[in-house]
Every structure is written in C-alpha cells, then in structure tokens.
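There are 4 protein chains.
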Amino acid sequence: MAILIENATVIDGVADTARENCSILIEGERIVQVGDVDCEKLPAGLERIDARGRFIIPGLMNANVHLFMAVNLESLSRYWDRYEDIILEASQVALKHGLTTVFDTWGPRRFLIAARDRIASGETVGARFFCAGNIVGLDGLFSPDFFSRAQEVASAVMTRRINAIWAEDMGRHLMWKTPGQVSAAIDAYLGRGIDFIKYASNEHYPGAFLAFSPDQQRAIVDAAHARGKTAQAHSMSVEGLRIAVEAGCDLIQHCNKTGPVPIPGDTLDLMARRNTGAVVFPQTDAGLAWLLENLPEEQQESWRVSHRNACNLVSAGVKLLLANDGAIMPPEWPTDPQWGKSWVTAPEAFNLAKLTTGHFVWFEAMAEKGCPPMAMLHAATRNIAEAYGMADDLGTIAAGKYADLLILEKNPLLDAKNYRTILSVMKSGKIIDREALPEHRLMSRDIEAPCEEEGRHIPFLGSGGRFPFSCC
Amino acid sequence: MAILIENATVIDGVADTARENCSILIEGERIVQVGDVDCEKLPAGLERIDARGRFIIPGLMNANVHLFMAVNLESLSRYWDRYEDIILEASQVALKHGLTTVFDTWGPRRFLIAARDRIASGETVGARFFCAGNIVGLDGLFSPDFFSRAQEVASAVMTRRINAIWAEDMGRHLMWKTPGQVSAAIDAYLGRGIDFIKYASNEHYPGAFLAFSPDQQRAIVDAAHARGKTAQAHSMSVEGLRIAVEAGCDLIQHCNKTGPVPIPGDTLDLMARRNTGAVVFPQTDAGLAWLLENLPEEQQESWRVSHRNACNLVSAGVKLLLANDGAIMPPEWPTDPQWGKSWVTAPEAFNLAKLTTGHFVWFEAMAEKGCPPMAMLHAATRNIAEAYGMADDLGTIAAGKYADLLILEKNPLLDAKNYRTILSVMKSGKIIDREALPEHRLMSRDIEAPCEEEGRHIPFLGSGGRFPFSCC
Amino acid sequence: MAILIENATVIDGVADTARENCSILIEGERIVQVGDVDCEKLPAGLERIDARGRFIIPGLMNANVHLFMAVNLESLSRYWDRYEDIILEASQVALKHGLTTVFDTWGPRRFLIAARDRIASGETVGARFFCAGNIVGLDGLFSPDFFSRAQEVASAVMTRRINAIWAEDMGRHLMWKTPGQVSAAIDAYLGRGIDFIKYASNEHYPGAFLAFSPDQQRAIVDAAHARGKTAQAHSMSVEGLRIAVEAGCDLIQHCNKTGPVPIPGDTLDLMARRNTGAVVFPQTDAGLAWLLENLPEEQQESWRVSHRNACNLVSAGVKLLLANDGAIMPPEWPTDPQWGKSWVTAPEAFNLAKLTTGHFVWFEAMAEKGCPPMAMLHAATRNIAEAYGMADDLGTIAAGKYADLLILEKNPLLDAKNYRTILSVMKSGKIIDREALPEHRLMSRDIEAPCEEEGRHIPFLGSGGRFPFSCC
Amino acid sequence: MAILIENATVIDGVADTARENCSILIEGERIVQVGDVDCEKLPAGLERIDARGRFIIPGLMNANVHLFMAVNLESLSRYWDRYEDIILEASQVALKHGLTTVFDTWGPRRFLIAARDRIASGETVGARFFCAGNIVGLDGLFSPDFFSRAQEVASAVMTRRINAIWAEDMGRHLMWKTPGQVSAAIDAYLGRGIDFIKYASNEHYPGAFLAFSPDQQRAIVDAAHARGKTAQAHSMSVEGLRIAVEAGCDLIQHCNKTGPVPIPGDTLDLMARRNTGAVVFPQTDAGLAWLLENLPEEQQESWRVSHRNACNLVSAGVKLLLANDGAIMPPEWPTDPQWGKSWVTAPEAFNLAKLTTGHFVWFEAMAEKGCPPMAMLHAATRNIAEAYGMADDLGTIAAGKYADLLILEKNPLLDAKNYRTILSVMKSGKIIDREALPEHRLMSRDIEAPCEEEGRHIPFLGSGGRFPFSCC
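In the order they appear, the protein sequences are chains S, D, H and C. Using UniProt numbering, the first residue of the first sequence is number 1, and each one after it goes up by one. Using UniProt numbering, the first residue of the second sequence is number 1, and each one after it goes up by one. Using UniProt numbering, the first residue of the third sequence is number 1, and each one after it goes up by one. Using UniProt numbering, the first residue of the fourth sequence is number 1, and each one after it goes up by one.
These are calculated hints, taken from the structure and not from any lab test. Misleading hints may appear alongside valid ones.
[Claimed, not checked] List of simulated lysine to aspartate or glutamate pairs, EDC-like, C-alpha gap at most 20 Å:
{"no.": "1", "chain 1": "S", "residue 1": "Lys341", "chain 2": "D", "residue 2": "Glu152"}
{"no.": "2", "chain 1": "H", "residue 1": "Lys341", "chain 2": "C", "residue 2": "Glu152"}
{"no.": "3", "chain 1": "C", "residue 1": "Lys341", "chain 2": "H", "residue 2": "Glu152"}
{"no.": "4", "chain 1": "D", "residue 1": "Lys341", "chain 2": "S", "residue 2": "Glu27"}
{"no.": "5", "chain 1": "D", "residue 1": "Lys410", "chain 2": "D", "residue 2": "Asp16"}
[As the list claims (entries may be wrong)] Between beta-carbon pairs, the in silico distance windows are:
{"no.": "6", "chain 1": "D", "residue 1": "Lys41", "chain 2": "S", "residue 2": "Trp80", "range": "43 to 49 Å"}
{"no.": "7", "chain 1": "D", "residue 1": "Glu298", "chain 2": "H", "residue 2": "Asp117", "range": "34 to 40 Å"}
{"no.": "8", "chain 1": "D", "residue 1": "Asp266", "chain 2": "H", "residue 2": "Asp117", "range": "40 to 46 Å"}
{"no.": "9", "chain 1": "H", "residue 1": "Ala15", "chain 2": "D", "residue 2": "Arg273", "range": "54 to 60 Å"}
{"no.": "10", "chain 1": "S", "residue 1": "Arg456", "chain 2": "D", "residue 2": "Gly122", "range": "29 to 35 Å"}
{"no.": "11", "chain 1": "H", "residue 1": "Ala15", "chain 2": "S", "residue 2": "Pro337", "range": "55 to 61 Å"}
{"no.": "12", "chain 1": "H", "residue 1": "Pro347", "chain 2": "C", "residue 2": "Ala188", "range": "40 to 46 Å"}
{"no.": "13", "chain 1": "S", "residue 1": "Gly193", "chain 2": "D", "residue 2": "Ala289", "range": "50 to 56 Å"}
{"no.": "14", "chain 1": "C", "residue 1": "Pro331", "chain 2": "S", "residue 2": "Asp169", "range": "42 to 48 Å"}
The model shown is predicted, which means the values in this text are computed figures rather than measured ones. Ideal placement from N, C-alpha and C gives every residue a C-beta, glycine not left out.
Given the sequences, and given the hints that come with them, work out the whole structure.
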C-alpha cells in the first residue's frame, strides 16, 4: 500500500524553513521520499492525496503523558478489570488530537506494556507509546508519595495490591541503598519490558527533598545506558535539576519547576553544553494570571519563577521538549473534597494538562515566552525523538522514518494557534479515522446523570458540624 | 405438578409435638394436605418422596438480614453495575442454607425491589424476601450514621449518589419534623414498593440517643398500619425499646441490645402483654467468652447485659423471633484498617452474623439460654410470619400455606445442632438444587490471589511514622 | 450604710409604666423603699444621689452565659492553674456591662462554685451568678459532644482530666438508664452545690436526636423540684422543645432554635399556658442578613426559621427570657483552622454572643421583631428571676429586693439602643467602679504581638499539599 | 579558692592507663597541675580532698541532648512562660547525673541562649551547654517534620508562633536555595549567638530523603568554619552519611542509623581517615531484644542494622562520640494516643534516651559491642571536646583545662556499669550539691494525682465507634 501526498507545504522538522509544493511518498509504514517525487517510479495501486494549500508537519510527540489517570480509589475499583482499556482509550484520544507518539512516564507497568504491545502489533489503533512504569524511588499510589488517605478507607488487601502494581520493588526503599545496589535494581526493572527509566531526583511533590544522591543518580543513568535505554529525572528544585544534569540524564522533566528559586545561569549553560533534553511545562499569560488569582499566596512565587525559568530556558538555547503531564482524569474526581483549584483544573482554554488540548496550549504559551516558531516545532517532534534515542524512526518527515504526520489547514509557523487546525492525522502510513476515536469512553465521558434517588435526596442538615465551629 | 412426601416425622409448627409417619401433599406452590393423605384422591403425575427416618420442619425464616453488604467504597465502586446481582447471590446463599424466607431490613431499595420481584416472579431462584429499604431516620452510607470517613476520599458525586440510593428522603432530616409531617413521609415511602417500615427508635450505633419521639413513633406505626403494612423499630436502649413497644410496633429488632442497662421487668411484661415480636441476637457461651476476651473493657458490660436480656426475654414469655443481621461481607473488608475484632468477625463456629450459618448459631445460643426446643422452632418460623403479618401464607406446614420446608437428617427438637443436618430444601413446592447456588460468586468468594507485582513489592519502611511516636 | 437615689425616672419592672420623680432608698444590700420617701425617717449617714434626668432600671440579668469559655486545648493548658480567675474575670466583665446577675449554664462545676462563693461572700467583686455545672447527659469537652479532635493530640491524662472536670458522672452514659436511675443521679449532682439543673432534651449540636426520653425528663425535673431547685432543658428541635415543656421544665434554652422546622402553634400555646420560661436567641435583621450571606446553604433555612420562631414566641405571649450564650473566648481561638464564619464570630455590632454587648444586641433584635419595650425589660429582669425561682430577691426594683440597678442616660423604653447608655451600675447596694473591671485580663486581652522569631519566619512552601490537589 | 584532690586513681583521658596515687590541683575554675603536686607551692586557703580508693575521670560530655522536650501542644501551652526554666531544669538534671558539658542539638534558640548564658555567667547552676538552635533545613514543631497534627487543633496564632520559635528562617525553604544562598543564611544564623551548626543531610524521620545536596552541604560546613564554628549533620541513610562526611562535617549524629542498609566499608574508612566525629546511638542486647519484640516487623531490620553499624564503627577505628538524644519528656506525653512503643519509652534499665541515665546505658551497650574501656571513656570526653573544637578547655584532666571531673566509687575501666557509681561531680572547680538539683521540677515530676472529678467520671460507652468496626 502506497500513498502520495502532493502539493503540500511541508515543514519537515529538518529544513530551516517550510518546503512548498512538496510531495511525500509513503510505502507501508514508512516514508520513502520527500520533495520532488519521480512520477515514473511510483508504485502501482498508489493512493494520491492532494494537499494543495495545506501544511504538513511531523506527527506531534509528547514527552510526558499519563495514559492511566483513574487513580482515585473509586475509579481504581470501578474499573478494576479494565485498566488496559483505559490506557488504550487515552492513547486513542492522544492520536485523535494529533499526538502520534507519546511517552508515558508514570503508570501501572504491566497494563501499559500490554496496551503498548497491542498497538505496536497493529491489533488496536492508538498513539504509538513508550512507557517507564514507576518513577523509580517513589512509592505506590496509596503511599505518602501520592494519595495516602485512600489507605485509611481501602482494605489492606486493596492498598497492598494497588501499591504493588504501581511501585513493585522500585519504590522509596531504594533510596536507602548504595549506588551499586540501586544499579542492580534498575537493570532488573529494565528486564521487565519498560522502554526507559524515569527516576526521582526530588521527592514527588511539593518539596525540595532530594531522592537519590548524585552517586546513586549516576548509577541509575549508567545502568540504563548499559541496556541501551535512556534515563530521565523527575526534578523539582535547582539542586535536583543540576544533579540530574550532571548525572548524565538524557532528558529532565518539568525543568522550569524549581519552586521559588530560579535556575542559575550555570545550570542553564551546563544543560545547553550537554544537550540535555529539557521538558518545559509553560503556562500562558492568561493561565498564569488565573493561577495567581486562585492559588494561596505561598504558592504564587513558585509560579512566577516557573514562568521566568521557561523564558530563560528558551533564551539559553537548551534542547526544549514539549510535555504536559497530559491525562484524562475520571470526570468525578475534581469533586473530591480534597481538591482545590489547581493548574490541572484550570479553564480548558489555557489548561496545560489536558491530553486533548494541552499540547496546543503548550505552543501558545511558549510563543508568548518568545520561543521561535521552528524551535517550538522541533520541541514537539525532533527533539523528543532525539532525547529518547529514537531519531532514526521518529521526529521528522524524512525518508526511512515512520510516516507519522499531520495535515493542517493553517500554517503553524505563522501563529501557534494554527496547530489546532488539524485536518488529518497519519500514523505509520495510515490516515486515522479520528471520528471513531476513542472506541470506548470510560474516562472521556461526562459525569453520569443523577440517579432517581438523587432527585429526592435531602442530606442531613449540618452534617458533622460541631459547636461552635460552623455553628447553630 | 404434585408431590407427596411420605412417612416423615413432621414438626409442622402448629402442633405441640412432632407428628410421626406423616405425609404432606403439595400441589403447585402450596401445601394441600398434611397428615393422613387419602391415597384415592391423589392427583396424576404425582412425585413421591419417601422421608422415612427424616424430620420435616417449615422452611426457616430470618427476621433481619442484609442481602447487600458490599458497603465499603471499593466494593460499592467495583460492583457499581451489579448491585442487583449481589442481592440475588445473597438470597441464593440464604436459600441454600435453609432460609426459605428472609426480611431485608436495611439496604438499597431500588435494587432490592428489583431482585425481590425477579425471585417472586420465578425468573430467578432465591430465598423469598421482603424489604424495608432504609431504616427511616438514618442517613446514607457515607454519613455519620455509617461510614462517614469514606466521604473524605470519595468524590462528592459518588458520596451524593451513594447517600441518595440508601437514604433517599427518609434520613435524619425527618427527626426535625412534626409527627404529622413524618406520617406523610412514611406514606410516600410505602408507595415506593417496600414491604414494611423499619425506623430508628435509637441512633444507629453505638449510643442511646433517641431518634424519633414517642409521638413521631406512633405516627410512623399508624401510617404503616393504615397502608396494611407492619412497622418495626431499631432499638438500642431500654428507653428506646419501651417507647417502641408503646408506639405499637409489630416487632422490634435486637431487643436484647440495651447497652449496659438490662431491660426492666415492666417492659418485658408489656412486650408479652402486647405480643410484640421480639428479635433476639444471642451469643453462645463460647461467643460471649470470646467477645469478653477480645473487646475493650468499656464494651464488655453491654455484652453481659445482652446475654442477661436474652435469658429474661425467654423467661418472660414474649414472642421471640430469630434474626442475626445475616450478611455476606466483601472478603477484603475485614482487612480495612478501621476494623477491629467484633462479633461480626468472630470465629465461624460461633459467629452469629453469617448469612450462611448464623441462624444455626442462633439455635445453639438460645438453647444454652434455656429456650425450649419448640419455642425456638416457632421463633424461626411461625412467630416471624405472624409478626410480619404473613401467617396466612408462611410459617407453618399446613394446608394452604406455601410449601416451604426443610428435610433434616436428625431431630432438631432433640439437639439444636441438628438444624445443621439439612438434607433438602423445598421452597414453593420445588426442591432446590443447593449445589448450584449461588449461581455467581461476587461476595461469597475468597480474596483473590496476589497479583504478580505483590510478590516482589517492598513497602516503604516506616511509612508515615513520625518521631518519636514509632520511632527511629 | 444607706443611699437615697432621688428624682429619677424609675422603670421598676413592676409597674406598667415608668415612675417619674421617684426615689429609691437603699440600706445595706437591699432596697427599703421606692417612690415617695419619708424624709423624716431617713437614716443617719445617708448618701444622696441626684438622678434627675436619669432612668433607673433593675440590674440586667442573663439567663444563659458561659463564664468559662477557654475551652480549646491550648487555653485549657496555658491557664491550667487559673480556671477560677478566668471565671471571675468574666463575671466582672458581665457586671461592668450592666449584668448584675447571670446564670452559667455549662462549665466546670468545681471552679464555678468556688468563684461563685467568693463573689457571694463579698471577697471579690463580680456579677452575682448561679451555675449548673454540666449539661446533664452531655459528655466532656474532648468528647464527641464538643471537641473530640482535641483528644487526638492531647495526652490521655489530659483528655481524661478535662472530660472528668466537665462531665463528672453526669454524661451520656445516663441516657442508657431507666427514669428511676436518672432521678437518683440528679439528686446526687444537686448535692454537689450546683444551683439548678440543665439537661439535654436534644443532642448538643447540630442535630435533632433526642437525649432523654419523656419519662426520663419528667424524672429529672421532678428530682430537681424535690430539692427546691429549678430545671431547664437544652432543646434544638420541635419535638425536643415540646417534650421538655410537657416534662415541666421551668425554662427552656434557645427555644427558637428548632432547625428547619418552625415551632407548631400547639406548642406555643402550651408554653404560654404553662408559663414556661422561654429563652430566645434573636438575630437582628443585619445579623440575619450577614449569616445568610456567609453560611452554607444547608444551614440557612434553620436561621430563617429561628427568626420566625422568635417572632411567633413574641406574639404567642409566652414568658420571654433574655440570654445569649454570652462568653469571652480566648482571642486566638477564632484562628483555629476548624473555625469558619458563625454567629459567634459575627461583627460586633450585631454579634449576639458577646458577654460584653450581646445583651444590648438582644434588645435591638427583639425590638425589630415587634417585642413591646416593657416586655423586653421584663424578659431581661423579672421573668428571669421568676423562672429561676428567685423573684423574692431579684428582678425588680421593690422594697426587700437586692439593690441591683442601672442608671441610664436615656430612656430604654423609647429606643432599645438606649440600654447601651449605662452611667452607673449598682449591685447589692454598692456602686461598681466599672473602670477597674476586670481586675485581671486573661481572656479579655488582645492577641499578643508576634515574638521576634515570627518576624523572620518563612513557612515551608506548600506544606502538606499533595499532587494534584493543590498542585505544583 | 584552690582545691587539692589527693591519692586518687586518675583516668585523665590523656594517658593510656589510669594513674594511681595521683593528685589534682585546682585553682578557680581550672586545673593547675595533675600528678605529683609540689607541696611547697600550694596556695594558701587550700581545700584538700582525700580521694583514696576513688577513681577520677573527666566530667562526662554528651554530644547530643535536647534540654527542651516539652514539645507537645499541652506542655508548650502550659509552660508558655517557663521555657527557659525548663531548659535550666534539664541542665541541672544533666549535671546531677555526671554530665558537666552537653550539646543541645535542637531546640528553641532564644530560650536556649538565655539559659546557656545564665549558667555560663554563674548566675545559675547547671551543666555547661552549647546549642545549635534549629536543625537547619527542618521546619517548626508543628510542621510535617515533627508534629503536624498539632496544627489541626492549635490556633493559627499558636502554630505560627511555635513554628517560628523553632525554625525561624532556617527551615525547609532553604532546601530550594542555591549553595551560595544557603551559605549566606548560615552566616546570618551564626550571628544570632548559636555555638555550632547542625543541618539535615537526611529528612528528619523516618526516611532516606536527602535534605541538602552535596554542594549545599559543603557550603554550610564552609560557612560555619569561616566563622570559627563547627558543623554537624543529621544523617539517616548510607548516602546521607557519606555525603556529610565528604562535605567536611566535624561530627555526624547517630551514624549507626542508616535504615535497613549497613554502612559500606568505604564510608567507614573515609570517616576514620578524615577523623570525623561519629556519634553512635547503641542499644544494649536487652534493649535490642525488647525492640525486636515490640516493634512492627518493618522496623526490625533497621534496628538490627543499627546494631551491626555500631559494631563496625567500633572496629573501623573511627572517632566515637557518646550521645543519646537525652531529654526529659513531659510525664503525660507517653499517654498521647499517637504514641506506641519505641526506644524512647523502653524500660529504664536499658532506655538509651533518658537524660538521667541514658549515658550509662551507652557505656553498657558499647561494652557489649566490644568497644575497649579507654575508647569508651574518650568517646564520652576528649573526642567530643575535639570534635566540637573545644579541646583547649574541655575533655581531659590536664593543666589549663576547666576543672570538670567526676569522683567514682568504682573503676569504670573494669566494668562499664561502674560509671553509675558517681560520688561527686565537680564543674569548673566547684563540687556540685547534687541533692539540690533540679531546683524546680517542671518536667522531672510525676504525673499529678487524679483530680476529684476523675474519681467519679464515667466515660461514654463506645465513644466514636461505628458499626461494624468495633461493634454493637
């Protein structure tokens, strides 16, 4: 099966500028030729797509998504038999919205691998994805690293099960170990089928504790490289970031998140010099304003610094990567009484965290921070492929690469908003039927309508209140 | 279809003694004749059962079960679409263990009614059951009346939904109302298909607060009677009990539970005089000893009093009813960190609360308290039918009644343990295939084997501990 | 020592109208003559006060105050050795603001009695007060009836101690008892020196549970009367109110608090007929508006009903009593994270709960509800004396009574605000040096200025937050 | 004033063996001569002490005590005005039990300095002490680093105050900073009068998170040294320990506490090579057995490793220091419901943490681990003086040093138990009146006898229990 896309303006991720009137010849899953295609040599049975007036870019990539985010107790229980389906649903939603390849950086390894392989084998449609399993060093979902209050209500059987599925033997206990012991654990984990290593340089959230020491971090990175895999760090402070860079990480997550202290110039220079992949989580100006208005004062400086860091990363010339923790949350979850306003519940127009549209917000935010259009395109494609060691197959429109590409109505180099004008998504040489995705809606549904009893329910007056706190 | 059971020793629940060499003729769902059956007039196509050496008693009844006890957040979520199946499973377990009719006194009305009607129509096998829905006056599952901590972890959508399904508009807010307003609410609730009213005379647990006033209680009972339905009270203290008796309740739950204060003689006399149905929850001597050994001192006096009350109820000649809160809990639930040792988690040999064997424990416990054998049989059959106003159809082996009966290997009047020797269960004229029940095991299964990740999981050392409480 | 107040306009609490040009002759603690005083017979050494243009009313009384409200863990600890001083301070604040007699309806019995007796003996200045100790049926300060979370942080020694000091043996456990047993407990409690009995007809807050049954309540009231003492109820619902009236209570607290259900006309009539003392807690229109704006929706209807009840109690002609839970809270307490907005933290202008000015708010609120000026005066003086069985000594300006009176600048019958124009307070024939009160400021102080370390303290960023609830 | 101690066996902390028949001449606060004292040159007015048959050792030192441990909310409140007194009391208790110099490594700086200076000036008797104030990097008492639940019950005013007093601006927020910023903060903190710096290499408890990075740690140590002060680390893991050694710490706390992973040989060698002061917290065999019996399984391995580490530190020849977190807790505190069994509540015979006797347990435990007698003596004297940079004044019995010494009845080199046979304590040339200490008992008292109300108190039955967790 061969396809010829003709007459397009192609932004191939290689050339410095767009190529006009350009054709792309695809055979099977891969690109055969880009530019002037020799009409004499076209294969039989060729399908031709006339892309006159359209803009073609490499399929977008996302360096940090979470395909499984049904992580509250009620969703974990309700969908107990369908974790793999939830992952497939998310990968289909990603693909529908222009992400042909994504990297899942935290989730239930066994189910992620099963879903990944079903997509890779062609059994199921979905974004191509690669996965890390656990963030090495962090404990399970119902541990203090995430939602420890769930274990007050869950049965011990459930708590143990969930913690085991997420953390296995790659949790906090590794922090006690010597570098050599940590190295052996990493090697064993890679043997269980994950695609890359993500480890904690800092504690999960919200603090500046360091998880692994510099020596442990070097041991982790070296163990991954020895297996031919990449390693990346979860970083939350300027020291956590610097240590991860020095340890030789291939890429570092949310580099611009360093609490209330901006990244020093030395560290920026080091990242540029070492060509470390730098994931940035940028807020738009509107998003930042909304956060400053809605968050408690103590958190505001961190958001201001996160903005300054993003600007500085752009001007320091580091290798930027697009990512956003993209996920689909259970629709009921934000009604959890523990939730407050946060960047993941911001209005959709500037919500960075949505798997559906967060990557578009990324472009809009980075444009506001002065990132050149072509640099943004690279951040979303070629840079990610390079940082993850997959540049032979992914990231640009070039002969030999997978035929992953988007056809846009408008030129994304003229206006970052134009990334939203996707007309078609091709992955591995196949045009995706976007309307048909996701095939099943488990997470990407609305909250169900109230049941009949809710119509007449009268909750207890003043439940739980005690004099005089919320009084008579 | 007709069946003739011959040569049996029949304890019919009517006569003062067992009838030997007795036959029972059944046509369709009902008993046609008991005693000497005229062989001339037997219908064609008769099936004959030779019960020589066997003992036949009326099908056992249980005046207080909870067919749905999957009431922790994780089970409520995991089985979100299968509440009706869980109820059917429990009704099949009950039937398998000799309970041909049970009364569900607290549970999700809509699902209970649906399951009840499927059994009543013959669509599904199961114990015949009748249901009350909510205990009027108590709030929903995730309210302070039950498991309020669940609402700290559940989404507000889930909390509202679950509370509504259980309490609808029949919760605590009714306690504020005038008797007239309460009466109207009861009438409306009966219109939604429930079979009888259960209301809170005392708070749920563990205390002596009164829920409804004497005037409100009279209004409730009268409203039920006006609809031709029975009314019963949840009582936990000597005042709660007395007020419920005076209000005219048809029966009262767990009368022997009155905290640390024994029921006064006046109240016992009043119950006998008014023929109020008195549900007793008795512990065996072994069960009581286990509780006194395992419970905190502050709770021990209440258990001693509960034993004395049971003895006094027997000797006062009140109308005793067998019941036990019989239920099947999710197998994981007792590993909930909030659980301690309690009567519902006692060793099976003397565990009163099991839907499977708790009724056998009831007989054994009451025998130890001096209850005469025939009085026990009546407590488990005829008395329940009378108290619930169903004596025309249920409770004895007599012409015109439903053919609900058990064939036992040994004589239950000789030894209470012999109730365990069930050979056959007949309900509505049909011999039940006990081996086939329950058809689906949702609750009556074992805890699943650990998943593969649990084998290698290493939980965080000292998780959550803080100096110096559980210290370095 | 004798005093003659001359030329005053006296509103004596007896006559229907004010008496102009009226004199009051006082000898020692008591009033000797009111009206035209025979100048011939005046005692030697007489002090004359010319009250021309002034208005004299009986000393104000308050039927429900809490002289000890230092009831959070940190204040209970900090002032461990000074409970009696705190009570004396409050009684001095009350006196300073025109309250010559108050009734403490809940507090630490032993310390209250000690302080009461010091004032009664003349050893210390302060409002005359009488006390109930515990609200019979409620448990201690660190129990579920009040602040149970304190016991999670306090040592068990402290918890037991505090609960014992407040509840002794008069707590919830009495609810289990038979009426006869309750009666005996009441008698014993009266033997420990309290002045009257207050018991729980409803649970403390916020609900409609009933505490004692009608029979138990009658037993309580009768036991108090048998000792020559009065009995009153804490009531929170229409049923709790009616039962307390029927039980024969001398007075009932916060009658207008009946949750979302207004008091039925029958109950109002019954109260009028039985001459039951009816304490009302009224909000001003401004106060009600503030509450409706600041409280969650579920609580609003109760406040609207509380307003309607107050109006209806006025028009039903029941015996109204002024009271307000008047107290001085530790100034730090409202910064407790458990506190929200409530009527006790409302702006001072319409805050009913302040021991200093809440009684003035009471007059202003009741005037808005249509209460006639003289009825309000009686509610604050004579009615309270009568309901508490102390009319021989207190409540009016009449020969033989204690010389408790206020000299006002303006006529309180013309405008309720004029109660605020106190010029002098006389108690037991002595003019009080109001400027000197309170002698020690433990509770009636401001929050201390920050210590030096607070100036430089930088709290941890994002303390305790966990992804994604209040997020990165 | 001069004193001559004659005929003693002196273990001076310098010589390899005890010196028999040895005299010590003291003038004023210091030692003038040790050994054969020239009788010709003795000052006038000399006091002679015949120590024939006695053993004299340098005054014991403790490298890690907490003179203020009244750190629960109720004690902090109750003794609000007496923090300085509590510190003085503890220093007197220490002195009474043979500790002439102690190092307070965590406490309220302002009050510690005030008490320290009162002792140093001779105004008050007590052990000589030096203090660090906060553990740099840890937050206040009511933060997640210590007792965060207190802030749920305390007023915000109290929480802020207490957190500020402990942490000032030296809390967790420093972890965000660059090494240069941290250095400046250290310098400022030293300017506030503390004697040495203690910082967090690991989180407080119980985990292996790293607090400061290697570069930050070097910056801290260098800043202290630049001021002529020593620096030490709180370490809890093998990486935290190694990084602190490499950073140049003068001494490191509880080196043998490294969770479940033993200290690698390389690290032991490095410590020996760099002469890093190594504080050891050893358990006796009996203490370890008690802990293994009483603690949850997950904590047991850490205790076994802690024992192995202590043995290995002995055999590796590192510079050992005696210390034990010595403190006097409020007597009520262990009844806090959050407390379980722990090493600080172990039976006194082998309780390491007591300020009174914990140092004796230290000797007994180290003897069991094979530590030579003279090495133990040095660990308790000279090594501490050296590690803290105070060897010119403290740590041995030598001319020019402070005359701090103990007269023992029995030879401590023969049996470690003999350290308990103290006959006299001399500090700065003065024999201490041990019987008179402490002058005031605030913490070192017994729990007060129950108040009268406790005798009759009946707590609520089943308080807070909810069906079915601790059931009916």
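Hints versus structure:
Among the hinted pairs, Lys341 (chain S) with Glu152 (chain D) is consistent with the structure: their alpha-carbon atoms are about 17 Å apart, no more than 20 Å. For the hint pairing Lys341 (chain H) with Glu152 (chain C), the CA-to-CA distance comes to about 17 Å; that is within 20 Å, so the pair holds. Proposed proximity of Lys341 (chain C) and Glu152 (chain H) is supported: the alpha carbons are some 17 Å apart, at most 20 Å. The straight-line distance between the Cα atoms of Lys341 (chain D) and Glu27 (chain S) is roughly 68 Å, outside the 20 Å bound, and the hint therefore fails.
With a C-alpha separation of about 18 Å, the suggested pair Lys410 (chain D) and Asp16 (chain D) falls inside the 20 Å cut-off, and the hint holds. Taking the beta carbon of each, Lys41 (chain D) and Trp80 (chain S) are about 59 Å apart, not inside 43 to 49 Å as hinted. At roughly 36 Å, the beta carbons of Glu298 (chain D) and Asp117 (chain H) sit within the given window of 34 to 40 Å. The hint said 40 to 46 Å for the Cβ distance between Asp266 (chain D) and Asp117 (chain H), and at roughly 43 Å that hint holds.
Separation of Ala15 (chain H) from Arg273 (chain D) is about 59 Å and conforms to the stated range, judged on CB atoms against 54 to 60 Å. For Arg456 (chain S) and Gly122 (chain D), the Cβ-Cβ distance of about 32 Å falls inside the hinted range of 29 to 35 Å, so the restraint holds. For the hinted restraint 55 to 61 Å between Ala15 (chain H) and Pro337 (chain S), the CB-CB distance of approximately 59 Å keeps it satisfied. In this structure the hint that Pro347 (chain H) and Ala188 (chain C) lie 40 to 46 Å apart at CB holds, the actual value being about 42 Å.
For the hinted restraint 50 to 56 Å between Gly193 (chain S) and Ala289 (chain D), the CB-CB distance of approximately 55 Å keeps it satisfied. Between Pro331 (chain C) and Asp169 (chain S) the Cβ separation comes to about 43 Å, which falls inside the hinted range of 42 to 48 Å.
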